[in-house]
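> If you're matching them up, the sequences are chains A and B in order. Using full-length UniProt numbering, the first residue of the first sequence is number 1, and each one after it goes up by one. Using full-length UniProt numbering, the first residue of the second sequence is number 1, and each one after it goes up by one.
Don't read these hints as lab results, they were simulated from the structure. Some hints here could point you the wrong way.
For chains that are exact copies, the list does not tell them apart, and a pair is met inside one copy or across any two.
[To be verified] Below, a list of computed lysine to aspartate or glutamate pairs in the EDC-like style, where the Cα atoms sit at most 16 Å apart:
1) K164 - D190
2) K164 - E102
3) K164 - D333
4) K163 - E85
5) K163 - E90
6) K164 - E90
7) K163 - E102
8) K163 - E337
9) K205 - D302
10) K163 - D73
11) K163 - D333
12) K164 - E337
The residues making up each chain are set out below.
Protein chains: 2
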Amino acid sequence: MDTLEQQFDVRYRYRVHLTEDALAPENDLLARTLAADRAARPRVLVAVDRGVLAAQADLAARVESYARTHALDLVDAPLVLPGGETGKNEPRHLERVLAAIERGGICRHSYVVGIGGGALLDLVGFAAAQAHRGVRMVRLPTTVLAQCDAAVGVKTGINAFGKKNFLGSFAPPWAVINDLRFLDSLSVRDWRAGIAEAVKVALVKDAAFFERLERDAERLLHRDRGAMRALIAHAARLHLEHIARGGDPFETGSARPLDFGHWAAHKLEQLSDYRLRHGEAVAIGIALDATYSRLAGWLADDAHERILALLERFGFELDVPELGEGGLLAGLDEFREHLGGELTITLLGAIGRGFEVHAMDEERVRASIDRVRARPGSGSGQPAARPCASGAER
Amino acid sequence: MDTLEQQFDVRYRYRVHLTEDALAPENDLLARTLAADRAARPRVLVAVDRGVLAAQADLAARVESYARTHALDLVDAPLVLPGGETGKNEPRHLERVLAAIERGGICRHSYVVGIGGGALLDLVGFAAAQAHRGVRMVRLPTTVLAQCDAAVGVKTGINAFGKKNFLGSFAPPWAVINDLRFLDSLSVRDWRAGIAEAVKVALVKDAAFFERLERDAERLLHRDRGAMRALIAHAARLHLEHIARGGDPFETGSARPLDFGHWAAHKLEQLSDYRLRHGEAVAIGIALDATYSRLAGWLADDAHERILALLERFGFELDVPELGEGGLLAGLDEFREHLGGELTITLLGAIGRGFEVHAMDEERVRASIDRVRARPGSGSGQPAARPCASGAER
Numbered sequence: 001m002d003t004l005e006q007q008f009d010v011r012y013r014y015r016v017h018l019t020e021d022a023l024a025p026e027n028d029l030l031a032r033t034l035a036a037d038r039a040a041r042p043r044v045l046v047a048v049d050r051g052v053l054a055a056q057a058d059l060a061a062r063v064e065s066y067a068r069t070h071a072l073d074l075v076d077a078p079l080v081l082p083g084g085e086t087g088k089n090e091p092r093h094l095e096r097v098l099a100a101i102e103r104g105g106i107c108r109h110s111y112v113v114g115i116g117g118g119a120l121l122d123l124v125g126f127a128a129a130q131a132h133r134g135v136r137m138v139r140l141p142t143t144v145l146a147q148c149d150a151a152v153g154v155k156t157g158i159n160a161f162g163k164k165n166f167l168g169s170f171a172p173p174w175a176v177i178n179d180l181r182f183l184d185s186l187s188v189r190d191w192r193a194g195i196a197e198a199v200k201v202a203l204v205k206d207a208a209f210f211e212r213l214e215r216d217a218e219r220l221l222h223r224d225r226g227a228m229r230a231l232i233a234h235a236a237r238l239h240l241e242h243i244a245r246g247g248d249p250f251e252t253g254s255a256r257p258l259d260f261g262h263w264a265a266h267k268l269e270q271l272s273d274y275r276l277r278h279g280e281a282v283a284i285g286i287a288l289d290a291t292y293s294r295l296a297g298w299l300a301d302d303a304h305e306r307i308l309a310l311l312e313r314f315g316f317e318l319d320v321p322e323l324g325e326g327g328l329l330a331g332l333d334e335f336r337e338h339l340g341g342e343l344t345i346t347l348l349g350a351i352g353r354g355f356e357v358h359a360m361d362e363e364r365v366r367a368s369i370d371r372v373r374a375r376p377g378s379g380s381g382q383p384a385a386r387p388c389a390s391g392a393e394r
Numbered sequence: 001m002d003t004l005e006q007q008f009d010v011r012y013r014y015r016v017h018l019t020e021d022a023l024a025p026e027n028d029l030l031a032r033t034l035a036a037d038r039a040a041r042p043r044v045l046v047a048v049d050r051g052v053l054a055a056q057a058d059l060a061a062r063v064e065s066y067a068r069t070h071a072l073d074l075v076d077a078p079l080v081l082p083g084g085e086t087g088k089n090e091p092r093h094l095e096r097v098l099a100a101i102e103r104g105g106i107c108r109h110s111y112v113v114g115i116g117g118g119a120l121l122d123l124v125g126f127a128a129a130q131a132h133r134g135v136r137m138v139r140l141p142t143t144v145l146a147q148c149d150a151a152v153g154v155k156t157g158i159n160a161f162g163k164k165n166f167l168g169s170f171a172p173p174w175a176v177i178n179d180l181r182f183l184d185s186l187s188v189r190d191w192r193a194g195i196a197e198a199v200k201v202a203l204v205k206d207a208a209f210f211e212r213l214e215r216d217a218e219r220l221l222h223r224d225r226g227a228m229r230a231l232i233a234h235a236a237r238l239h240l241e242h243i244a245r246g247g248d249p250f251e252t253g254s255a256r257p258l259d260f261g262h263w264a265a266h267k268l269e270q271l272s273d274y275r276l277r278h279g280e281a282v283a284i285g286i287a288l289d290a291t292y293s294r295l296a297g298w299l300a301d302d303a304h305e306r307i308l309a310l311l312e313r314f315g316f317e318l319d320v321p322e323l324g325e326g327g328l329l330a331g332l333d334e335f336r337e338h339l340g341g342e343l344t345i346t347l348l349g350a351i352g353r354g355f356e357v358h359a360m361d362e363e364r365v366r367a368s369i370d371r372v373r374a375r376p377g378s379g380s381g382q383p384a385a386r387p388c389a390s391g392a393e394r
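All chains, full assembly: derive it from the sequences and hints.
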């Protein structure tokens, strides 16, 4: 032989559940999830987002009570970690999770359960993905954004060298349990921010879903649980279908339809020193790229207006100081480097229909920024420290 | 919905090449490997094992000359790293590789090329697997062991918390280039140590290959290139076939047929403070588990004798002080934890036929140790500091 050809397929399977009060003693979903393949008591390490613990002071006690009821072998008290970018920025938090996995004797047939927002799950998932080359990770996302987007997918990661998600892995979870009860303790701001990802996936994939979001907007703003449950279920389904049927689950190519609006969003988050929530930045990124699509003649004017109007109804402030500072265009180069290879940006041909381009015209990007900033009531002049305060009253 | 079922397959493909002098200007194999999908000059970071550089002082210059000839964009001078367990034990070496990837602007369409032994490739591969959630890694293994075993597989990893390969990933390479020229500068000890992995895979998979190793033993000991090329080609093929057709490429279950002999080998390496090479420890592990198979009545006496005789012909010292120290049996528990779940050990029903058991009888393990130590000329009484010196003259 001079050359051997290796080829094999790996099948990945997991379930995304929607439930209410996963830690109630009588709810056995989590216990069944952790007892999938062995009769013996499953060993479980629980990691909890400090922010969730602050909102639900009895969470640790409820975890321990649940474990007793369902004969789970908790290897330690819940590990408390900072949520948001703090946990992903400081390497010592990754090391803390790894040390807890080692200390607890978590093996490839044990479980790590993460309870928190998307960033917490990224951090804990990255640790779980590398210990013993991958132990089982069950995600309990606690924010709208994580339940409908980040936590149902296949990525983990932390930040390094000042770059978001520079380190990470493609590591499908063992299971995802979306527990609507966690959403009750979200701030208005976080409740709403996650809706941006639902708008995003509707815009690139599903016009009927967009229309439903328009119809449900008032109910969603009034924190109607049924409307939110429907939103999460549908957005999660679209996300999962894209991964399974999009032809590139682990993103070896350069196309990222689910990153519509994200080249600008990532940069705006960074420019704002993470004052902007991810979902808030995504809303602005959607507005910009929808406007760009309009100015290029690909998107009809009425569709463009509906998109921006819906974002505004949800209370997203589309004009933030960072849009005026000129640093945004560097986000295109950083996005290109992150993708690797050719720049690939999703734009809109219609509501529900994304398509890809491989270049962005800088003048047209600038014109899009100006158009978004010039909208009446877009928030221009609002104090930067309360970027979304006006939305809370809508 | 209450539950969404996610399922998808990911296809992995890579090639394992056998060549001579991959860095010769006229050998375009590496250049073709790095130009797989783009017309533009590929960006390449090269990481080199310090031990290989010590044996081939012109290696860095040859890498740079090759890059010029073939229009490769080397992002930096070759990064020099310690080989062996040192590189895997100290986290700063992983950080150095990650920093070089970041500094060099290596993206998911660029390449990291590792040149070194199995440990170096484990380290560099783990860095490549996590930067940008995985950049392309081309392995140029420089030892017999890596060329026929470690480097053709799908694992990466480093040591942590005193545990070998505690952190790592399943990350198939972009390609593997086995360059026989690198073997010329191996010590007698390293040349021979890698042969143990070929004996191992022959024993569990391929009786005809075992017979070939018996026939070729003298040629292999006299460093006959043709015999070694045939050994590497066949062992690599068996290894690849196991991954592709064994039904569990990323080891979600507990069976590890290619880890025959390894529960003892890993522990002996550790007990000897890594004085024992991995291949040397594997040879002892093979002898022990073949003897255990014999004492249990599963392996015929003549087959057992042929196995131990072949290991001895290759010059492996089968009695080392660590066998007598009583710590070896802890290796069974550690192997169980590493596997996760049920202990699963491969034993031999015949030469070329492995099978699995889920328990080892401690008394029989002790008896196996005694039998191996009692063999005439097994090396008992040799000074520990020169565990394989006697073999060089055989």
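> Hint by hint, note whether the structure agrees.
Evaluated hints:
1. K164 - D190: Answer is neither: 20 Å inside a copy and 42 Å across each miss the 16 Å cutoff.
2. K164 - E102: between (27 Å within a copy, 12 Å between copies)
3. K164 - D333: Close inside one copy (14 Å), not across copies (39 Å); limit 16 Å.
4. K163 - E85: within (11 Å within a copy, 30 Å between copies)
5. K163 - E90: Within. Shortest intra-copy distance 12 Å satisfies the 16 Å Cα cut-off; inter-copy 24 Å does not.
6. K164 - E90: within (12 Å within a copy, 25 Å between copies)
7. K163 - E102: between (28 Å within a copy, 9 Å between copies)
8. K163 - E337: within (11 Å within a copy, 35 Å between copies)
9. K205 - D302: Intra 18 Å, inter 67 Å, cutoff 16 Å: neither.
10. K163 - D73: Neither, since 37 Å and 23 Å both go past 16 Å.
11. K163 - D333: within (13 Å within a copy, 40 Å between copies)
12. K164 - E337: For K164 and E337, the Cα distance is within 16 Å only inside one copy (12 Å; across copies 34 Å).
Going down the numbered hints, you'll see the structure goes against 1, 9, 10, while the others check out.
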